[in-house]
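Peer 1: Listed here are the chains, written in short residue letters.
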Amino acid sequence: MKGRVELKNSQREIYYFRLRLMLSLGFVLVMLFILLARFVYLQVVKHSHYQTLAENNRISVAPIVPNRGLILDRNGVVLAHNYSGYTLEITPNKVGDLEATIDQLAQLVDIQPKDRKRFKKLQAEGHDFESLPIRNRLSDEEVARFAAQSYRFRGVEIKARLFREYPYNEQTSHLIGYIGRINESDIEQLEEDKSAANYRGSDYIGKTGIEQSYESELHGTTGIEQVEVDAGGRGVRVLSRTPPASGNNLLLTLDAKLQEVADKAFGNYRGALVAIDPNNGEVLAFISRPGYDPNLFIDGIDEDSWNELNNSPDVPLNNRALRGQYPLGSTIKPFMALAGLYYNKRSPSHTISDPGYFTLPGNSHQYRDWKKGGHGSVDLFKSIVVSCDTYYYGLATELGIDNMFNFLSQFGFGKKTGIDLEGETSGLLPSQEWKQKRYQQKWYAGDTVSAGIGQGYDLVTPMQLAFATAVLANDGVGYRPHLVRQVQHGGSKDTPIPEVNPAFTINLNPEHVALVKRAMVAVMQPGGTAAQAGAGAPYAFAGKTGTAQVVGMKQGEKYIESQVAERHRDHAWFIAFAPADKPKIALAVLAENGGHGGAVAAPIARKVLDYYLLGKVPKPLPTVNDVEVEHD
Amino acid sequence: MIKQPLWPRLRKRFILHLDPVLLAALGLLMLTGLIVLYSATDGNWSRVLAQMVNILVAFICLWLVANTPLHYLMRIALPMYILGMALLVGVALFGEVSHGARRWLNIGVATIQPSELMKLAVPLMMAWYFEKHEATLTLSNYFVATLLLLLPIALIARQPDLGTAVLISASGFYVLFLAGLSWRVMGAMFVAALGSAPVLWSMLHDYQRHRIMMLLDPTQDALGKGYHTIQGMIAVGSGGVLGKGYLHGTQTHLDFLPERTTDFIFAVYSEEFGLLGNLILLGLYLFVIARGFVITADASTYFTRLMAGSITLTFFTYAFVNMGMVSGILPVVGVPLPLVSYGGTSMVTLLLGFGMLMSIHTHKKLVQT
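Protein chains in written order, with numbering that gives the first Met the number 0: chain A, 0 to 631; chain B, 0 to 368.
I should point out that these hints are in silico values taken from the structure, not numbers from a laboratory. C-beta: ideal position from N, C-alpha, C; glycine also. Errors might be hidden in some of the hints.
For the chain A half of the interface with chain B, some residues (derived, Cβ under 8 Å), not all of them [claimed, not checked]:
{"#": "1", "residue": "20"}
{"#": "2", "residue": "39"}
{"#": "3", "residue": "49"}
{"#": "4", "residue": "402"}
Construct the entire structure; sequences and hints are all you get.
Peer 2: Below is the structure:
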């Protein structure tokens with residue numbers, strides 16, 4: 000009996016279950032039928048509507064590209080701006096015979112072989128569906144000629160748009176950088192940043208320099224225009240419009256006039272210069288020479304110009320100020336002197352006798368001073384003024400590499416300064432640990448000796464050295480160096496200039512700093528290594544020369560500048576700040592293959608300081624290529 | 000012992016527990032996916048190859064589960080559910096945020112998305128629970144089962160992951176429905192859901208509300224949130240009856256379609272193969288669902304009936320929600336097109352489910368004969 004009931008229940012249960020299963024199947028069928036109906040509606044009933052939309056997709060919802068923000072110097076001088084012009088564009092897949100079309104176009108407007116090459120390159124990089132420029136900056140006459148004939152050219156259009164221009168050309172190329180057409184990797188990056196929607200319709204993006212580092216400020220917000228289109232894809236009327244918001248203007252810390260003076264002061268030399276206001280970290284001048292014409296890059300550089308830039312032995316595309324790494328040379332000495340005082344290894348009065356060389360105990364190898372026969376009796380003050388190598392060989396040995404590392408890294412050596420430009424390199428401040436990691440070798444006493452005069456493993460960028468000089472000039476208080484003073488939101492000039500605060504303060508004895516600064520002033524006076532450049536300056540002016548070896552000298556070999564191939568000559572360094580008692584500007588100059596810092600790099604600095612402090616515009620330079628020099 | 004000939008032994012070892020009819024239909028769907036993926040990626044073989052690897056891994060999972068007897072599945076229901084809940088709580092507390100949602104949990108060796116595990120664990124748990132109380136089912140059992148469903152859903156909806164929450168709700172509801180929840184209670188639940196809609200609305204994240212609003216009027220934010228829907232509809236509609244032809248979809252190749260390898264792959268398919276292609280695809284899905292229903296109807300125990308029914312109906316829900324959102328009748332909730340969209344996780348979850356279906360079908364047979 001009981002068994003029967005259970006059986007019945009179970010059967011009833013299965014019956015109900017299958018009933019519900021049938022209901023589910025009915026539900027599935029109804030839903031699938033709804034989907035099918037939707038497909039029929041979209042693909043049959045509304046097919047022609049959507050086909051038109053698909054064909055003219057670009058036009059039906061059109062983004063309005065915002066105007067890119069301007070870049071101005073600290074006084075409002077324009078460094079990057081936009082101007083409107085016409086461009087002739089081809090959509091390759093809408094054109095039958097591309098070559099023939101371009102040939103026909105060439106009869107109406109001027110199309111150079113390099114324009115063709117550039118177009119080919121754009122075509123290879125992008126899609127055939129995109130409208131690509133064959134000629135930029137058409138003249139009014141060319142526009143008129145094409146307009147009259149435009150009916151003959153399907154898939155070819157004249158478009159009005161804004162062009163970016165950099166009026167200072169080479170002079171600010173490494174600083175401002177340039178914009179270029181958005182490529183695949185840019186798109187990936189934008190998608191990752193979730194900003195791809197804001198770039199719909201944008202063709203350009205910052206590629207290097209300020210244009211890259213401040214892309215998000217400069218670009219602005221894209222607007223939208225919904226346009227009703229006819230079957231031919233032409234807009235009939237605007238349905239709705241959300242206006243774009245222009246990008247923010249950037250007011251730089253740079254002084255364009257100073258930049259120009261500094262650039263000209265280099266004459267024919269390659270090299271770099273960075274000038275900083277030590278009181279707030281504002282970068283006043285930022286030179287890397289040679290520069291290049293950034294305007295070439297905006298619409299894709301043509302192959303010939305690219306090869307020329309890329310294969311030049313002068314490497315104009317290398318940002319020397321930010322990324323060039325050179326041995327410090329004797330510019331390390333003021334910092335070493337402070338280290339010696341800090342660790343009590345030297346007192347101001349401690350005197351050594353310099354025979355012209357230094358030897359480690361139990362080793363006959365001679366580390367030579369640059370001056371044959373030596374400087375005689377040398378104290379700390381004189382060691383800076385005459386740039387005595389022997390003094391620092393001994394000091395380094397007594398300090399040891401780890402103390403040197405700890406002390407010098409406080410000034411930012413061996414690490415990025417944190418300037419608001421992408422791609423900075425960190426230089427190199429060697430330590431025992433570093434050498435073990437890098438070469439799996441122990442640190443030798445001899446390594447310390449050469450490190451003492453900045454000729455060891457150490458590397459520094461002009462940016463870093465200018466920063467370290469600024470920190471020294473400001474008595475150990477460091478401000479993060481920066482290029483953008485103010486972001487003008489919505490173009491308004493009322494945006495407050497953000498206050499800057501010190502990034503760090505180094506614990507230094509003021510008396511030690513004063514002594515080193517006095518010695519650096521004496522460098523510029525008779526008897527100092529840069530006396531010539533300092534002559535007649537109406538302001539107190541502190542400096543230090545340096546030389547970075549390009550090719551090492553063998554033991555006993557003599558360096559004679561005129562006998563060394565030009566590109567193997569030493570690089571000339573010079574650091575300076577002025578006025579010495581209340582510094583307003585600190586800088587580092589590097590002249591590649593300039594030989595001696597005092598003769599080549601210091602006069603460049605002098606011209607910059609004269610302009611900045613006195614408003615004096617230098618006379619055109621005599622060429623400084625063949626100068627008789629005494630090695631420092 | 001008489002050694003059996005090689006073939007029957009191989010057959011017993013490897014393919015006895017696979018359902019050839021179902022497998023063939025699944026294979027066709029996955030093949031379609033690979034073909035469309037090739038077009039959607041502009042001919043990127045490495046993506047196609049990566050998807051083949053996903054399929055291989057998922058197939059191995061299917062095979063393993065298909066060969067697992069049912070009592071094992073029942074045994075893991077509770078531990079799996081508890082583990083899943085623990086991981087979900089872990090996500091809520093320590094999860095990693097990506098794209099504005101907290102869905103992933105870093106467990107040292109890998110980051111995992113526990114909500115994916117719950118897609119199978121929740122119906123498994125509910126079916127197990129009903130099986131346990133089969134003899135004495137009362138209304139309170141349905142209440143407990145509903146609670147088992149709502150707990151993980153609350154956690155997943157909070158992440159927020161609306162797509163997964165919808166799918167799991169559906170799979171759990173199917174279990175309740177098939178377990179015989181009375182029509183009156185279902186009616187009451189429906190009314191309650193309708194009544195709580197304003198409350199739910201206020202709990203939704205801004206972007207989720209946006210997506211629902213966009214469904215009503217996608218042109219409102221044509222470059223932003225409505226963009227997906229508009230471009231999807233244009234792709235489907237412009238495909239017409241016969242489609243634009245393989246590799247010739249302009250929406251796809253002009254970069255107008257967002258997420259075209261994953262959630263919007265149906266738009267690519269539909270644009271290139273048209274209404275005819277859609278009919279074939281719907282036919283394939285219907286075939287798989289029908290086969291699932293046959294297996295469900297034949298299932299021998301309460302547990303397997305509930306499980307098989309829920310797996311089949313959830314699979315249908317996947318397909319319906321995806322195609323519905325691409326063609327603009329449902330909001331964009333981030334549900335992939337089952338077996339076609341690119342991605343390893345959903346492929347594994349789906350084939351695990353089908354592995355269970357096959358196990359339910361074949362192990363029952365073994366018992367009978």
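Peer 1: Looking back at the hints listed earlier, which ones does the structure fail to meet?
Peer 2: The structure breaks only hint 4.
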